[in-house]
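*Asks:* These are the residues of each chain, in order.
10 protein chains.
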Amino acid sequence: MLFAVKMDVHLPPDMDSDVKADILAREKAYSQEVQTSGEWPHIWRCVGQYSNLSIFDVDSNQRLHDILSQLPLFPYMHIDVTPLATHPSDIALLERNP
Amino acid sequence: MLFAVKMDVHLPPDMDSDVKADILAREKAYSQEVQTSGEWPHIWRCVGQYSNLSIFDVDSNQRLHDILSQLPLFPYMHIDVTPLATHPSDIALLERNP
Amino acid sequence: MLFAVKMDVHLPPDMDSDVKADILAREKAYSQEVQTSGEWPHIWRCVGQYSNLSIFDVDSNQRLHDILSQLPLFPYMHIDVTPLATHPSDIALLERNP
Amino acid sequence: MLFAVKMDVHLPPDMDSDVKADILAREKAYSQEVQTSGEWPHIWRCVGQYSNLSIFDVDSNQRLHDILSQLPLFPYMHIDVTPLATHPSDIALLERNP
Amino acid sequence: MLFAVKMDVHLPPDMDSDVKADILAREKAYSQEVQTSGEWPHIWRCVGQYSNLSIFDVDSNQRLHDILSQLPLFPYMHIDVTPLATHPSDIALLERNP
Amino acid sequence: MLFAVKMDVHLPPDMDSDVKADILAREKAYSQEVQTSGEWPHIWRCVGQYSNLSIFDVDSNQRLHDILSQLPLFPYMHIDVTPLATHPSDIALLERNP
Amino acid sequence: MLFAVKMDVHLPPDMDSDVKADILAREKAYSQEVQTSGEWPHIWRCVGQYSNLSIFDVDSNQRLHDILSQLPLFPYMHIDVTPLATHPSDIALLERNP
Amino acid sequence: MLFAVKMDVHLPPDMDSDVKADILAREKAYSQEVQTSGEWPHIWRCVGQYSNLSIFDVDSNQRLHDILSQLPLFPYMHIDVTPLATHPSDIALLERNP
Amino acid sequence: MLFAVKMDVHLPPDMDSDVKADILAREKAYSQEVQTSGEWPHIWRCVGQYSNLSIFDVDSNQRLHDILSQLPLFPYMHIDVTPLATHPSDIALLERNP
Amino acid sequence: MLFAVKMDVHLPPDMDSDVKADILAREKAYSQEVQTSGEWPHIWRCVGQYSNLSIFDVDSNQRLHDILSQLPLFPYMHIDVTPLATHPSDIALLERNP
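Protein chains in written order, with UniProt numbering: chain A, 1 to 98; chain B, 1 to 98; chain C, 1 to 98; chain D, 1 to 98; chain E, 1 to 98; chain F, 1 to 98; chain G, 1 to 98; chain H, 1 to 98; chain I, 1 to 98; chain J, 1 to 98.
To be clear about the criterion: a stretch of chain F counts as covered by chain D if any three or more of its residues have a C-beta under 8 Å from a C-beta of chain D, and this derived list gives those stretches: (1) 6 to 20; (2) 41 to 48.
Some chain C residues judged to face chain A by a derived CB distance under 8 Å, without partners named: (3) Ser60; (4) Asn61; (5) His65; (6) Val81; (7) Pro83; (8) Leu84; (9) Ala85; (10) Thr86.
Calculated from the structure, these hints are not laboratory results. Here a beta-carbon is modelled for each residue, glycine too, at the ideal position from N, C-alpha and C.
Use the sequences and the hints to build the structure in full.
*Replies:* What follows is the structure, given as structure tokens:
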């Protein structure tokens, strides 16, 4: 089940640089762990913004919230979630039903 | 070069049903032609909306506009375009630079 | 899997009254059929608006879109979808894990 | 009398962790007390947000304000209130008037 | 139980003048009937707008929706409802609790 | 001359509790003084918000600004002002012109 | 008593040209009559928009609404009203209180 | 004197094709005439939108409004105007003041 | 050349009172100096807001930015600029072209 | 490949003046270096705002993000990016295809 998730990061301008480096390292490690699991198949940087657009592939709303709320940067993010479904023009449908 | 494109469709409620069937058939054929070319790798339906979220992979801004402005539904769409770049946490980078 | 869905209805002011009566009757019948199935456990009227707030309980994003896009009033609606998860303070959790 | 209430929580990023733990514990206890009373029949987490969507069942506007303004997190919340009424398609009406 | 209600009227510019005169006459009569009942204690024109700000005093959300949805202009209105409670600085409280 | 005034209060979360108690006491005293004068005939709490909706009855725009800008909480408020006029359906007009 | 008033005009694109010429002529005549009276001291065109920014000098909210609601283009306008007061830095105050 | 101007075009979906072809031809001719004069040095298409971003170089606000309001598509456009000034980091300043 | 300028002031709530008094005194002196020059013909307080609406009469966009960016309160302001032109209904035109 | 980029700068009001002077000097040097390379052909100040409107001419989305994210002021900016294409009315096309 797919979801589009836009994450905007707002770090306090006076954040201690060691604290910042640590949280960013943990964020990257956690993100890569979830990507490796197959539940976070796409992550792109939005040009000119401290934001990403991601696609998640999870079993439930609950699982998506559990992943997102454990992001080390979660307290500093504004997150928008868009549930996705198959588009009737998607050529992947043709391949499945030739 | 990747772009996220959100397309919202607003058809006039009194559109002639034959005109509507024709434009939707041409939209689907055109979309599938561009998908087959590889320039439109993803298209998803946004749940509960007459909208799609798509990813385009094109050589230039100009090419993206040419594709979008030739959509048969273009006169009935509101379109938002977000240029995308590689995200530093993307595990695809690890594979390329192991 | 729960979703909150807000539906705002915008009928054209010059809609034929028979056409309107027919579509509203079909909307009600369809809504009640889905409610009876258990997939639409709550529907409330928002005071002072031609809108409802509903809770859906479905197996997937795809199923939710299929239900919503088959609403007879779908072409006249603006719909917002909010995926829901369990709240950690919900007393229902206490009952399940006493 | 039903109300839909959306609560968005914004804690200061530099909040002391003991202060935070204390306020969250008091929030949970208070919420569960009101839920147990029957006046707060539903509380759901909005996926990807530090927010909840709740349904309240109270005797008056005044009672709803009294409950909400006593939430320990009230000073840190943005709250939207939507008064609800019975929807004419609700199958619960059929059961009452068979 | 008090509610502030803002009503914005949007009549189609090509509405037949007899139809318009009839609906406005019925709106005025209905409004004055509800005002006389005591459930609509205040109605003010917002300067420069085809809008009113009103205060309703009703027994329930349901009653408020029933009144508003029966307004002859209801299909042409955008309506915002704000539930009200007693303000702790209101001097009327002093009079009640001297 | 009537005005609807919506006041939203935003106190800094780390405001000293004595400073806060003092400013709230002065706000209440000042508000009640203006209410007693007849220039502030209504003040209501907006449910679930640290906000009020008020009606002022003053001789001029200038007088309204003087009252509002002297509110002890003025530096912490966002204020919206809506000038009001008589509504042609107001039954008070019938009483004046029977 | 001064008010800033922004008026945005939205004429239907298919308005009959004679009807349009007539309403614009009446709008201009009426506007100039009120300007001559001294109650509409300033009217400016907002560059690139079918809009004006005006200053009105009237005795009451009621008078302002009466002027605006009698504009021939009133049914085609969106109007925003901002009540104005004297600014403490205005040098006109120096001249009055030298 | 420079201005950035964003023009969004909204043609009625049922516009007669000859009327549309004529207005678009006149728009193009007029635009190119002003471009040739030097007062409209840049015009770009915004990707995926029926919109342009333009830079105008004119002697006055009045001249800009005269140019824009004579655009054949003016009645179908939403226009935003941003006055521009020299940026202190512009390297053109270095060339002028070496 | 005229411009309407709306300035909203947002001072930090914990600004030192001497610093504040000093900046406000400098703001007033600077504003009155520009007013005296004739380039700032109108300044009004917006009722209930820490905001002003002003009219500037300057030779260029550049001059307007120079004036605004030297305001002592500039770092604390949100500023909106609207370029103005002559309105065709302005009676001042009649006087010039009798 | 052209992009319009709007950058709004929000410096904390209590930023140390030496830190501020240093970051502004680095911003200017970096901006001028990119301008000199030809990838940042236009930069304009938006009148009355601590903002610029710029045109970038780069080979890819990735290159644009790399330039923008290395701006010393990047952590203090809100940035909007609009991809641009050739406009069919641009007279530069005539010159290329006479």
